[in-house]
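Asks: Spelled out from the first residue to the last, the chains are:
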Amino acid sequence: MKSDITLTVDGQRYALTVDNRVTLLDALRDNLGVTSAKKGCDHGQCGSCTVLLNGRRATTCLAFAVAHDEADITTSAGLAQDGDLHPLHRAFIDHDAFQCGYCTPGQICSAVGMLDEARQGWPSAVTAEVTSAPPLDTAEIRERMSGNLCRCGACVNIVAAISEVATGRRLAAFPSAAEPRQERWS
Amino acid sequence: MIPFEYKQAEDEHTAVATVTGNSRAAFLGGGTNLVDHMKLGIAAPELLVDVTRLPLDRIECLPDGGLRVGAAVRNSDLAADSAVRERYPVLTQALLAGASGQLRNLATTGGNLLQRTRCVYFQDTTTPCNKREPGQGCSALEGHTRYHAVLGASKHCVAVHPSDMAVALAALDALVHVQGPDGGRAIPATELHRLPGEHPEWDTVLRHGELITAVELPPLPFATRSRYRKARDRASFAFALVSVAAALDVTDGIVRGARIAFGGLAHKPWRARLAEQALLGRPATDDEFRASAEAELADAQPLPGNEFKLPMARNMLVATLRELSGDDAP
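Sequence lines, in order, name chains A and B. At position 151 of the first sequence the residue is numbered 151 (this note's numbering), and the sequence of numbers has no breaks. Positions in the second sequence are counted from 1; adding 1000 to them yields this note's numbering.
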């Protein structure tokens, strides 16, 4: 059984017909040829397939495409604009925050979404007082990124890269995932 | 995965009627558990009725000081809600202790309550499991029991309920509102989930076609001092070995009110009424906290391999109550 849906992926609108069993991840990769999001565990446990789904980070392997008709999706590749890498892309490179790179697109999307959540004042499981809006120290970043697994052991550098973007000189250039695409790179 | 038909629910009543009319239909929420089960071959619905776009995504403050949470509210939004954080910090902490940021952005309140056990034998269709296929036998009884139940289990099933959120809701005396083919009803959160008994295949008291529409949190002023504590095999993104949800009212060093529930110990969130009774009117001391835990756990029947859960549960309860009774308590 099939359904007609529309997805906007990295600013491009697609109309497609999908078998109802196809996940968002498989629709991206197999139907649209968008391979930025990676298939790791395919069971929601590794985070490799994370994208920004309507502005919020989400895994795509446990979401049927048919249930996300009209969704706006940004992949890690789509975070780059006009040949310019996203500040998180650059920070990952500068900090040597990946080895094989397979989990990196999911890590990047998750970090973008996570920084937005933190900017909204959301607490995490390591926040001592949940009525507060905690600063993004190392413990907070580790907890908030725990849905993304890296088997290479680059984790320490991932935290360092995100920390730099969250707190350092790259902050001013950092766009919000919730903002419309065209306004992100002012 | 078998082919299935997909429908967007138009309204509650149509959604309920559609699922009621087809024994192989299911409601679809965020999908983070159901889709996984369809991939694993544990669930094979032929019709999915998507209820995520129904207008059930609001959190409303009630006149009596309580909260009404729509069933389609995402776990991340519920955890971040300012009224929840102020009035029921235990609920925010429980939600944030579960899954990952990406999954909490998808998962819904109703779906979280209806997630099924992560017992490895239930998830592995090549091993016998009475919960998946009644009459097959329970592989866990002779298997790896580290994660299994120590309270309320039966010879047919020793699986534990996985939700962190549900443990907090059990402690808070939440009400679960459901809509069914014969109208609506409200079920106390403590009575939504079942112990396995002879029918481990039934996780809850819901009938086929009944849809969770909202969760209502009654006012509980002393829940501003409440906490969720969780022990697991890694620092984050893992199910509980043992968890504790507690709220404590201490005046002049005496316990005036206590709400306690355990996760990871039973087939359902385990409301610790014996421990609560043991604490009422008693001094807020470690000895009393320890005695209350012993009262609750006296009838526990651990399996070879999960005896550690008893001292773990006792110590976690003592530490949690100590923290809640201290001068620097939240």
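If you're looking for bench data, these hints aren't it; they were derived computationally from the structure. Honestly, I wouldn't trust all of these hints.
Simulated restraints, written as ranges between beta carbons of each label pair [said to hold, decoys possible]:
| no. | chain 1 | residue 1 | chain 2 | residue 2 | range |
| --- | --- | --- | --- | --- | --- |
| 1 | A | L32 | B | Q1301 | 39 to 47 Å |
| 2 | A | R90 | B | S1023 | 24 to 32 Å |
| 3 | A | C152 | B | A1017 | 46 to 54 Å |
| 4 | B | P1003 | A | G33 | 41 to 49 Å |
| 5 | B | R1256 | A | D96 | 50 to 58 Å |
| 6 | B | E1191 | A | P135 | 55 to 63 Å |
| 7 | B | R1024 | A | D30 | 23 to 31 Å |
| 8 | B | P1221 | A | G33 | 34 to 42 Å |
| 9 | B | R1024 | A | R90 | 47 to 55 Å |
| 10 | A | D94 | B | R1118 | 48 to 56 Å |
| 11 | B | A1017 | A | G33 | 36 to 44 Å |
| 12 | B | P1283 | A | D94 | 36 to 44 Å |
Cβ coordinates follow ideal geometry from the N, Cα and C atoms, glycine included.
Asks: Work down the list of hints and note, for each, if the structure agrees.
Replies: Outcome of the hint check:
1. Taking 39 to 47 Å as the suggested C-beta distance range, the pair L32/A and Q1301/B does not conform, at roughly 53 Å.
2. Against the hinted window of 24 to 32 Å, the Cβ-Cβ separation of R90/A and S1023/B comes to about 55 Å, which falls outside the hint.
3. For C152/A and A1017/B, the Cβ-Cβ distance of about 51 Å falls inside the hinted range of 46 to 54 Å, so the restraint holds.
4. Against the hinted window of 41 to 49 Å, the Cβ-Cβ separation of P1003/B and G33/A comes to about 24 Å, which falls outside the hint.
5. Take R1256/B and D96/A: their Cβ atoms lie about 56 Å apart, and the range 50 to 58 Å holds.
6. For the pair E1191/B and P135/A, the supplied restraint of 55 to 63 Å is violated, since their beta-carbon distance comes to about 42 Å.
7. Range check, R1024/B to D30/A: about 27 Å between beta-carbon atoms, so the 23 to 31 Å window is met.
8. At roughly 57 Å, the beta carbons of P1221/B and G33/A sit outside the given window of 34 to 42 Å.
9. Evaluation of the 47 to 55 Å hint for R1024/B and R90/A yields a pass: the beta carbon distance comes to about 51 Å.
10. Roughly 39 Å separates the CB atoms of D94/A and R1118/B, a value that falls outside the hinted 48 to 56 Å.
11. Distance hint check: the CB atoms of A1017/B and G33/A are about 40 Å apart, consistent with the given range 36 to 44 Å.
12. The hinted window of 36 to 44 Å between P1283/B and D94/A is violated, with their beta carbons roughly 57 Å apart.
Comparing the model with each earlier hint shows violations of hints 1, 2, 4, 6, 8, 10 and 12; every other hint is respected.
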